[in-house]
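Novice: Sequence:
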Amino acid sequence: MTGPPAVWAEAAAVAVSRRTLWSGVDLDIAAGEFVAVLGPNGVGKSTLVKVLLGSLPLSAGRVRVLGREPGGASQEIGYLPQRRSFDPSLRVRGVDVVRLGLDGDRWGAPIPGLARVSAAARRASARVAEVIDLVGASAYADRPIGRLSGGEQQRLLIAQALVRRPRLLILDEPLDSLDLPNQSSVAALIARISREEGVTVLMVAHDVNPILPYLDRVVYIAAGGAVAGTPAEVITGPILSRLYGTAIEVLATSDGRLVVIGEPEAPAHHTDRHSGHPHADPL
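For the sequence shown, the positions run 476 to 758 when this note's numbering is used.
Hints were generated in silico from the structure; no laboratory data involved. Don't take every hint at face value.
Ranges of calculated distance between the beta carbons of each label pair, as one might list FRET restraints [said to hold, decoys possible]:
1) S498 / A595: 41 to 47 Å
2) E672 / L575: 16 to 22 Å
3) S600 / A698: 44 to 50 Å
4) V491 / A727: 33 to 39 Å
5) L575 / T728: 36 to 42 Å
6) E544 / P713: 31 to 37 Å
7) A594 / A698: 52 to 58 Å
8) E485 / R598: 38 to 44 Å
9) P556 / P713: 33 to 39 Å
Ideal Cβ positions, reconstructed from N, Cα and C, are used throughout, including at glycine.
Work out the full structure, taking the sequences as your base and the hints as a guide.
Specialist: Written as structure tokens, this is what we have:
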């Protein structure tokens with residue numbers, strides 16, 4: 476897609492409590508691209524999300540989101556924070572959770588029956604039904620959210636983030652806590668939404684493998700800085716060795732998955748730091 480970049484940054488840096496998390500970050504994410512933000516725990520992946528949402532200022536450099544200062548395009552951004560857990564006893568329906576994406580900034584929740592009194596309310600209800608169908612959740616959207624599986628809940632939360640027709644969709648660890656089949660199906664869903672709806676997707680992830688077939692580019696953050704490019708350009712032994720400051724090897728398995736060997740802390744999964752054993756983890 477053509478036009479100005481959805482996300483642009485030049486020499487961006489962030490410091491928290493006077494400690495620089497990352498610096499020298501350059502980004503140029505085009506409209507409609509599917510981009511992953513990768514890296515080990517604690518390097519500031521979610522901090523980048525906060526910067527783009529306008530809730531945390533840069534300590535150096537510049538950044539633009541949808542052509543504006545961070546926070547200036549909030550109505551055009553769909554945001555799914557890190558995994559929420561719903562109490563199994565929660566009786567709120569999935570469709571009502573999706574509707575909160577439209578009017579959750581108002582005080583209180585929609586009152587059944589009164590939601591049909593205006594044309595605007597009818598259009599809102601039609602949009603809620605549209606995005607629920609888009610994510611394939613129509614069969615269970617009327618059930619209590621607490622009784623749904625993790626994959627079903629995540630589809631409804633993605634629908635909530637899409638309901639205002641965003642130009643940019645920011646997802647913070649949307650595959651975390653899902654089993655492998657659900658990771659694959661949700662990743663495919665997000666890729667289809669990006670392609671069919673023309674939405675730019677920026678996804679924070681630990682494991683690149685479920686989304687690797689769909690990615691246009693990646694942003695890899697580690698203690699040695701950040702590198703952006705296509706997966707083939709960035710996820711290599713020399714690049715990761717420079718970012719980690721130690722020897723890293725990237726291997727491809729027979730089924731196309733990537734395995735990183737030698738990193739100080741695996742970016743794919745939490746590890747047993749007390750075992751003392753070397754590890755090899757999927758990226």
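Novice: With reference to the structure, classify each hint as holding or not holding.
Specialist: Hint-by-hint comparison with the structure:
The hinted range of 41 to 47 Å is satisfied by S498 and A595, whose Cβ atoms lie roughly 46 Å apart. At about 20 Å, the beta-carbon gap between E672 and L575 stays in the expected band of 16 to 22 Å. Between S600 and A698 the Cβ separation comes to about 49 Å, which falls inside the hinted range of 44 to 50 Å. At about 35 Å, the CB distance of V491 to A727 agrees with the hint of 33 to 39 Å.
The hinted range of 36 to 42 Å is satisfied by L575 and T728, whose Cβ atoms lie roughly 41 Å apart. Distance hint check: the CB atoms of E544 and P713 are about 36 Å apart, consistent with the given range 31 to 37 Å. Checking the proposed 52 to 58 Å range against A594 and A698 shows it holds: the Cβ atoms sit about 54 Å from each other. A C-beta distance of roughly 40 Å is found between E485 and R598, which places it inside the suggested range of 38 to 44 Å.
Taking the beta carbon of each, P556 and P713 are about 34 Å apart, inside 33 to 39 Å as hinted.
Checked against the numbered hints above, the structure violates none of them.
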